Structure formats: C-alpha cells, structure tokens
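Novice: Chains as they are written, first to last, in the numbering used here: chain V, 472 to 669; chain Z, -10 to 267.
Source of the hints: derived by calculation from the structure; they are not laboratory data. It is possible that part of the hints are untrue.
Calculated pairs, DSS-like style, for lysine-lysine (alpha carbon to alpha carbon, straight line, at most 30 Å) [claimed, not checked]:
(1) Z:LYS103 with V:LYS531
(2) Z:LYS22 with V:LYS592
(3) V:LYS664 with Z:LYS34
(4) Z:LYS212 with V:LYS664
(5) Z:LYS22 with V:LYS664
(6) Z:LYS263 with V:LYS553
(7) V:LYS592 with Z:LYS34
(8) V:LYS553 with Z:LYS1
(9) V:LYS592 with Z:LYS155
(10) V:LYS664 with Z:LYS155
(11) Z:LYS22 with V:LYS553
(12) Z:LYS103 with V:LYS534
(13) V:LYS664 with Z:LYS156
Quick caveat, the model's predicted, so the values are computed rather than measured.
Residue-level listing of the chains:
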Amino acid sequence: MGMTPSGARDTIMTEPIRITPPLIDADVERLRAGDKVLITGVIYTARDAAHKRLIELIEKGEKLPIELKGQIIYYVGPTPAKPGQAIGSAGPTTSGRMDAYTPRLLELGLKGMVGKGGRSKEVIEAIKKYRCVYMAAVGGAAALIARSIRKADIVAYEDLGPEAIRRLEVVDFPAIVANDVHGGDLFAQGVEKYRRVS
Amino acid sequence: MRKIKASDITDKVRDLCISAAYDLEEDVAAALKAACVREASPLGKEVLGQIVENFEIARRESLPMCQDTGIAVFFVEVGREVELDGSLEDAINEGVRRGYRDGYLRKSVCHPLKRVNTGDNTPAIIHTSIVEGDRLRIKIAPKGAGGENMSRLKMLKPAEGVPGIKKFVVESISEAGGNPCPPIVVGVGIGGSFEKCAMLAKKALLRPVGSANQDAELDALEKELLDMVNGLGIGPMGFGGTTTALAVHIETYPCHIASLPVALNIQCHADRHKEAVI
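Using the sequences provided together with the hints, build the complete structure.
Specialist: Shown next, in the form of structure tokens:
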C-alpha cells in the first residue's frame, strides 16, 4: 500500500482493524494513520481534571487509581445515564487540552488515546518514542458512540462528576487512527490532500 | 401591561434546554445532509453520515446529540408592556437547573479558577433587550466548549480593512483545525466596541443556516469567506475534505474612527438553538 509524504495510507481501509487492550508494541505498530479501528474490551475515561490529579500522584510517587500499562484512555465526559442506559451520550472531547499531561502517561506505559482534534508536537514525538497510538472518534456523534459502551463504572474521583475516571466495557467502539508510531498524521494528510488555498 | 408569571418562564426554559439538546433544528439538519452529498472526501462523507445518523438517533430516542450539552446562553427580548411577578434571571436559572436535571444533560459549569462544578449548570449567560410589545421571546443557544475555545477577537487597524478581516477569519479557522468539530458555522462580528463585536459574532450564529444576509455586500463577503474556509481542506472532524464550514454569517455595527474590531465565534456542527414566545 502506498504512503503519502505525511506517512498515512493514501487509500481508505475498508476493513476495520479490531483491537483489545491491554495493547503491546506489536498491536500499535501495525496501525497506520487513516486506519479504521474497532475497540472491544475495557477502556478508561479521563479528561482535564482527572489528568491533573493523575500527574500530581505521579509527581508525589504515589500509586495511581488505574493501571496505565497497555491501556487506552478515552477523553470523554458523558451525560448522566437515563434509567436503563449503561451510559449517557459519550462523544470525544478535544484532545489538545490533555497535551501537557500526555507524554508523562505514555512514558508510564499508556498505549492508546481516543479523542478529537490534533495533538502537539511534543505528544506526536512521545507517541513515536513510547510506541503508542492516538485515535480520533467522531466529535458530536455522542448518542451513536454510546451504543458501543455496554457498561460504565466510576473507579476514581467521583467528586469530579462528568470528569470522574470511569471503566468502560466497549464492544466495537469505532475510531480512526490519527497519529501512529511511524509518524503518520491523519490531520496533516487530510489537509494536504484537500487544501486549495495557500 | 400584560402580566407574565416567572414560573411560566421557568417551565418554558426547562423545556427549551431539553429540546435544544435532543432535537437539532431543521436548518442545520438540512445543511448537514446536503454537505454529506456534496463532500468530496470518502472519509469525510462517512463522518458526515455518522453525524446525520447521530442527530437522528438523538431525536428519535430523546437523547442528547452531544455529551457537551453546553453552557446555557440566552437571548431574551422583553416587550416593554410586560410585567413580571419575579426576577427574570432567577426564573431562567431555575429553568436551566430543572432542564439539565430532568433531561439528563451534563452539568458543565464550574468556578473559573477553583474549577469546582456548580452542580446544576447554572448560572446561565443571559442577554436581555427591551423591545416593543407585550410578549417575551426567549432564544436558547447552548454552547459547547469545542467551538467556543477556538473563537477569537482582534482589534484591527482601520487600514487593514476587508483584507485584514478575511485574513483574520481564515487564519483563525486554519489554526482551529479539527478541534471545534467541523463542519462549523462561523459567526463574524465586525465593528462596534471590544464587547459589542463579540456579541455581534454570537448573534450572527442565531441566523438560520442557509439564509441570505439582507445586505448584498455582506452576503457576497459571506459567500467569499465560506469558499475560502472550505478551501482550507480541514474537512469533517479535521480528517481532510471540502466541507469545513456550513455557513459564514456576518453582523456589523458602526465603530470608532480609530478602530476595526473583528470577532469570530465558532459553532460546532451540533448547532443547537431553540426559541419560545410567551
């Protein structure tokens, strides 16, 4: 398969690649920017406030409330579940707000992240260095995405409400590889292809 | 004078909060469906297809279309012959409290520095104006942070003129990339003062998507800007494509001879707005 200068595949994979955490290097090394992915298994939620607390614990050398090794963090703050629902609407939030915290978590073994929007240069470098993958979900498609989440339990920071860390059990959770270990960048590739103004 | 009960305002606001979150207005829905047909990128088309499927699920199953049900922003027009039996602000905030609780909407409002959640999505942002008549018109436009965080304001030099405005708008949207959940709606405020300009940009977003600007010159500028923005190639969710924006809306106001304020308020594709008249 051909590669564009930005390292992403130049054609769209029609068949999604299935992944299940915990992930190892080989799992993420086969993923390329632009690949469609279906995640099944356990993933964890964390956004701004939870990231801040995790980093504070790391700096103090204390134990984290979740195991990071091989895991995937989904940047989301869901709506409250209605009676009978596993979770409310649950689309991705802007990943860039987590950039300041991310390299530290990757260093400790986090293997995957799901969110929306681009990442900083530092995060993109850390993704290559620590063999990780950043995947994008469709922002705003929150009711649709929630269908792939079968169970949600708060495992830390309940006081943070929508920002609490949740353990999610997902089946065929849809995402697209945005930044891969090979330096592929879906955002850069997309703009490069369709940009017609300087 | 016509008497309006504060409790009626509360009830109406509660319902507006919920319906705004569940039921995307037809102007935006139609624009998204049209974009899905037009989009050149296969991946972009697929993303737009998911966006359409999502708001249809939300409508059908009474669910929030997006988990970011926003900070509740209101534009209220109070007829000068209206007499209220209580505080307008309190009535609206109570409606927000009930709407976000009863509709299972996310409470996304916190202290700016302590970052402690207020727990009930209040206080709302309320803009009030006094108009002729004996009615009360309430418009709600709940605003998520994705688009709001990418919004910008700049005090240009008058010499920069229209080219400066175009440059500011296009560069700001280029920097925003996929963050504000494109396809976006772009509200541009030109003129006024620092704060007036931001209000103009916000108000521009309330105009129905697909409607023309009443001013022919501004209508032409809107179309030109829309073409420039879509030429950036950002596309749906920033994955690349020909649909970065659904519309550009401009509002203007006279300004100081030494100033040329320009504000850009970005709205994500979940362009939620509802209106009620009491």
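Novice: Run the distance test for LYS263 (chain Z) versus LYS553 (chain V): straight-line Cα separation, threshold 30 Å.
Specialist: 23 Å, holds
Novice: Between the alpha carbons of LYS592 (chain V) and LYS34 (chain Z), is the straight-line distance 30 Å or under?
Specialist: 28 Å, holds
Novice: Take the C-alpha atoms of LYS553 (chain V) and LYS1 (chain Z), compute the straight-line distance between them, and say whether it is at most 30 Å.
Specialist: 22 Å, holds
Novice: Has the given pair, LYS664 (chain V) with LYS34 (chain Z), been kept, meaning a C-alpha gap of at most 30 Å?
Specialist: 15 Å, holds
Novice: Checking one constraint from the list: CA of LYS22 (chain Z) to CA of LYS553 (chain V), max 30 Å. Satisfied?
Specialist: Holds, at roughly 28 Å.
Novice: Do the alpha carbons of LYS664 (chain V) and LYS155 (chain Z) lie within 30 Å of each other, as the hint requires?
Specialist: 23 Å, holds
Novice: Would you check the hint for LYS664 (chain V) and LYS156 (chain Z), treating anything up to 30 Å between C-alpha atoms as holding?
Specialist: Satisfied, since the Cα-Cα distance of roughly 22 Å is no more than 30 Å.
Novice: Tell me if the straight-line CA distance from LYS103 (chain Z) to LYS534 (chain V) falls inside 30 Å.
Specialist: Given pair LYS103 (chain Z), LYS534 (chain V) holds - Cα atoms ~25 Å apart, limit 30 Å.
Novice: Could you grab the alpha-carbon distance between LYS212 (chain Z) and LYS664 (chain V) and see if it respects the 30 Å cut-off?
Specialist: 23 Å, holds
Novice: Between the alpha carbons of LYS22 (chain Z) and LYS592 (chain V), is the straight-line distance 30 Å or under?
Specialist: 35 Å, violated
Novice: Verify the proposed pairing of LYS103 (chain Z) with LYS531 (chain V), using a straight-line Cα cut of 30 Å.
Specialist: 21 Å, holds
Novice: Has the given pair, LYS592 (chain V) with LYS155 (chain Z), been kept, meaning a C-alpha gap of at most 30 Å?
Specialist: 28 Å, holds
When each numbered hint is compared with the structure, a violation occurs for hint 2 only.
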